[in-house]
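S.K.: These are the residues of each chain, in order.
Protein chains: 2
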Amino acid sequence: MQFQITQELIDNVELLIEEKNDAQLKHLLDEIHFADLAEIVDELNLYEATYLIKLLDSEKTSETLMELEEDVRERILDKLSAKEIAEELEEMDTDDAADIISELPEDRVENVIAQIEDNQHADNIVELLAYGEDTAGGLMAKELVRVKETWTVAGCVREMRRQAENVTRVHSIYVIDKEGKLKGRLSLKDLLTASTKTHISEVYIPKVDYVTVDTEGDEVARIMQKYDLEAIPVIDNNGVLVGRITIDDIVDYIKEEAEKDYQMAAGISQDVEADDSIWQLTRARLPWLILGLLGGLGSVFIMESFEEIMVNPAYRTLFFYTPLIAAMAGNVGVQSSAIIVQGLANNNVKGSILQRLLKEIGLSLINGLALAAIIIIFGLIMGQEFTFSITIALALMSVIIVAALVGTFVPIILDKRGIDPAIATGPFITTSNDIFGIFLFFYIAKMMLGF
Amino acid sequence: MQFQITQELIDNVELLIEEKNDAQLKHLLDEIHFADLAEIVDELNLYEATYLIKLLDSEKTSETLMELEEDVRERILDKLSAKEIAEELEEMDTDDAADIISELPEDRVENVIAQIEDNQHADNIVELLAYGEDTAGGLMAKELVRVKETWTVAGCVREMRRQAENVTRVHSIYVIDKEGKLKGRLSLKDLLTASTKTHISEVYIPKVDYVTVDTEGDEVARIMQKYDLEAIPVIDNNGVLVGRITIDDIVDYIKEEAEKDYQMAAGISQDVEADDSIWQLTRARLPWLILGLLGGLGSVFIMESFEEIMVNPAYRTLFFYTPLIAAMAGNVGVQSSAIIVQGLANNNVKGSILQRLLKEIGLSLINGLALAAIIIIFGLIMGQEFTFSITIALALMSVIIVAALVGTFVPIILDKRGIDPAIATGPFITTSNDIFGIFLFFYIAKMMLGF
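As they're listed, the protein sequences go chains Y and C.
Under our numbering, read the first sequence as residues 1 to 451, first letter to last.
Under our numbering, read the second sequence as residues 1001 to 1451, first letter to last.
Since the hints were derived computationally from the structure, they do not count as laboratory data.
These figures come from a predicted structure and were not determined experimentally.
Wrong hints could be hidden among the right ones.
What the hints assert, rightly or not - Distance ranges between label pairs, derived from CB positions:
1) C/E1202 / Y/E273: 38 to 46 Å
2) C/E1059 / Y/H199: 21 to 29 Å
3) C/T1212 / Y/T6: 16 to 24 Å
4) Y/V240 / C/D1190: 28 to 36 Å
5) C/L1028 / Y/R283: 50 to 58 Å
6) Y/I353 / C/T1212: 46 to 54 Å
7) Y/I374 / C/S1277: 22 to 30 Å
8) C/I1353 / Y/R75: 21 to 29 Å
9) Y/M447 / C/V1109: 54 to 62 Å
Idealized CB from N, CA, C, for every residue including glycine.
So here's chain Y without its partners, still in its complex pose:
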């Protein structure tokens, strides 16, 4: 069943565009799914892409536009007139239309909205634009099926048929009172099985999950996942039903969030992709590398202050262990922080701070002892002096404990202050643990070996 885009198809499309063979193009792309069309558009140059978007039916191209990367879409929209953009927006659900408009240059927005023929649709879009991007208001669509509690089942089915025309997928039917306030929901199953004369007030389910327009996006995602919801109604501060959020919007949201955390952990500060330009990739990567470099220069300073011991061949070997110490401090810190960051995101970090402190210390002691044993065995095999091996092993254990505590508590503190803890899993924690670890290592060695 799988659609596979082929070079042959692309060549064919390009040729037909060059020949301006509109009839043949329409025929060729008539049956194609909008998501597949988006893949084709991705392979074309800007002129060809714009040509296709203008040529094909807005019902399909509006969905295709939504599937494109933001920068590709921006360039195409730039080539369309306000009227042409408005035609695409007419076909979109209000949430998608609002997203597109917020991407337009400011001076075009008013013009494009004025060109939307369906006034209700335009008003809805303008309403959505007022909400913050990451709130339930910003995520919701205005399209939904609502029925009044005073109606009969028969009247309800009639009304639903009318409303369903504008709603791509009917997840739930929401029941409202005469002021528009959300009262409950109605399942299709109940509607199918109830007698046609029954009043809605007798069959609806009054218990319904909802969020308000101000609810944060990640809270919406958490609620929908926890309660396995496929759609959730959104109410305003007066309890009036104003929109609904569907699971497909949330899937994208969850994925984006997960990717953002992953990228942050890897030291990439913007949402970039493998196929972005070198400049975009540099902007996302270089700042973190500079941070790492400055950290590295910090450890140069620390080591310089211990330079005198290099003269003594017995202690020189300490310097060979600095990359090992730094790497272990970094690894342990990243592990601890990744576990805590995920725990915070999934809401399963429980218990007191003291318990967590003891647990991390216990964990580090176990890991540290195992690694210390390897260091000592390595020292024996290499014929290293025993006190020297013991010194390194003990220093390593201390570094591991400190790194684990930093990795655990920095995200917790950030989270408490309302800062995204994911920032602490990446180069930030590695770099600070590197510096800290190297300092601790030499300091402990100094105390133990007495130089």
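Put chain C on the given structure of chain Y with help from the hints.
M.R.: This is chain C only, laid out in the frame that chain Y set:
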């Protein structure tokens, strides 16, 4: 609207269990959502948790069991009789029931299945157990609404009412021929608007996305996301409709996959959580730390082979830069690999190997030049000899280029060989880049400074 679990509620539940006050317990927990009940069960000890599961209605507790962590669920099931487990399974959808059974100890499986009263349900579960966990067959449920193409709309609605009893949510109605082969689907909207005497064959949509029982889980996730599907039918190798996969199962799948990648990048090899035991966490973390330690010992060897230059104060400073070099090699490697791993997962790594090679080199040159400039400025401020700064800067650039290439191509090669490329974003790439970077650094310094 949000349910908030309170210590008071937990205390109350514990007291009622102690008093064996079943009536009051049932009353207290009657209205509670199964996902909230799972949070309560999580806070109880094993005896109390088992008591609640046995006491409350299986309709609710079966869903609650599905929400619990696998290890908590395992311990509770261990305390239930085969009959009691079978009662829970009766209430579950077939896909969930099959998941639970595959978690049971082997010697209990047959017994539990024999106790399921609904033979059809039991047969369906046994059928699902035969499929691989990560295939469409392993993900699908048997519950779905299917109608024959020869029926009328009226007959179809009648039949749907009957079938809908067993199906929690009706996403789509699937149309089959008399051999059970998938022909297409029917939207609820069409069913609502068509005349009751119309034949299904006249109104159904013949174009329907589907997967086969062998399709890999991540492919199913990709298709459902790409085409914005809320449910997808699953056919066997003869084209017969055998089940369907719904988006909520896929949301969990996507999330698990993202978390797995994230954990692997952080050097955690099993699916662990912040609240797992110290032993579980150690098992997941220690192997990667040992890998890092061995890598660190490798760099000890490399540096030892350059020990003689320590005698010369002019070259000693090189050793102070090793943690910096190792850190930069690690950071660049992790960045490159994270971008490629995500690109591979999202299927947007395009173009030839040569193009990618040139791009990575270009990117590394830009980043490397910027960082080299900082190194040189730092050297000037510190009054370092200029050739020395240039040496470090050039060595750093080479290390960055090599690290970026390793970070890019190791995941690509792993992916081509069918190995999960995510394994290459973590300590694996950091450690190998550390060793490689330090060696390259000293080697280039040796060539340039001529020691």
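S.K.: Now tell me, hint by hint, if it's right for this structure.
M.R.: These are the hints, each one checked on the structure:
Here the CB-CB span from C/E1202 to Y/E273 is close to 45 Å, well matched to the stated 38 to 46 Å. Judged by the Cβ atoms, the range 21 to 29 Å given for C/E1059 and Y/H199 holds: they are separated by roughly 27 Å. Roughly 22 Å separates the CB atoms of C/T1212 and Y/T6, a value that falls within the hinted 16 to 24 Å. Look at Y/V240 against C/D1190: about 32 Å separates their beta carbons, and that is inside 28 to 36 Å.
Look at C/L1028 against Y/R283: about 56 Å separates their beta carbons, and that is inside 50 to 58 Å. Distance hint check for Y/I353 and C/T1212: the Cβ-Cβ separation is about 51 Å, which falls inside the suggested range of 46 to 54 Å. For Y/I374 and C/S1277, the Cβ-Cβ distance of about 23 Å falls inside the hinted range of 22 to 30 Å, so the restraint holds. Separated by about 27 Å at the C-beta atoms, C/I1353 and Y/R75 satisfy the suggested range of 21 to 29 Å.
One distance hint, 54 to 62 Å for the beta-carbon pair Y/M447 and C/V1109, holds here, with the actual separation near 60 Å.
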